[in-house]
Amino acid sequence: MTMASQSRVCSTITPYLGVRGAVAAIDFYRRAFGAEEVLRLESASGLVTHAEIRIGDALLLLADEMVGSPQRSPSSLAGTSVAVRLYVDDVDACFARALAAGGVQLRGVADQFYGDRNGALRDPFGHVWIVATHIEDLTPEQVTVRLHALHAISGAGMA
1 MTMASQSRVC
11 STITPYLGVR
21 GAVAAIDFYR
31 RAFGAEEVLR
41 LESASGLVTH
51 AEIRIGDALL
61 LLADEMVGSP
71 QRSPSSLAGT
81 SVAVRLYVDD
91 VDACFARALA
101 AGGVQLRGVA
111 DQFYGDRNGA
121 LRDPFGHVWI
131 VATHIEDLTP
141 EQVTVRLHAL
151 HAISGAGMA
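Per my numbering, the sequence shown starts with residue 1, numbered consecutively.
Keep in mind that the hints are not guaranteed to be accurate.
[Said to hold, decoys possible] Now the in silico label distances, taken between C-beta atoms and shown as ranges:
#, residue 1, residue 2, range
1, Arg30, Gln105, 35 to 45 angstroms
2, Ala93, Thr144, 47 to 57 angstroms
3, Val145, Val23, 40 to 50 angstroms
4, Ser43, Leu138, 42 to 52 angstroms
5, Thr139, Leu77, 13 to 23 angstroms
6, Val104, Tyr16, 37 to 47 angstroms
7, Val143, Ala58, 40 to 50 angstroms
8, Leu39, Ser76, 20 to 30 angstroms
9, Gly79, His148, 37 to 47 angstroms
10, Asp27, Thr144, 40 to 50 angstroms
11, Ile13, Leu47, 19 to 29 angstroms
12, Arg20, Ala152, 35 to 45 angstroms
13, Val104, Gly56, 20 to 30 angstroms
Don't read these hints as lab results, they were simulated from the structure.
Nothing here was measured: the structure is a model prediction, and the numbers come from that model.
Glycine residues also receive a C-beta, built at the ideal position from the N, C-alpha and C atoms.
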């Protein structure tokens, strides 16, 4: 595939992650999520200036954090405000693989009121992933009823 054709492969929105240690990140995503490396460009010093990996039917771009680059790693930002949602056939197995590969559990895998079974983890590079399997088709009205019931039971309010 030529570089000119890459824009036809990306979806309308394609995440581009900044990381410290892109080579290790690519390996983690391969072991945890079954990622396939599509492209890797490295500087003379060995930094990954651009990489593309495919997870399922999605393309994810990433690069080592570098001076002058707009992508900052969660390490530089002291956290992240974005989570990547990954749908898989078997959330329990994928979540276990991600933890075994070095991810840190933020919320265990559980059935959710909106019809997914999911859990949240932080990868070793600071990015948050919500790994999910869809288990039940619901109408927006059914989801709203369940949400209100959940808040009534827990006493939680919406901010």
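Any hints from earlier that this structure breaks? Give me their numbers in increasing order, please. Result: hints 1, 2, 5, 6, 7, 9 break, sorted rising.
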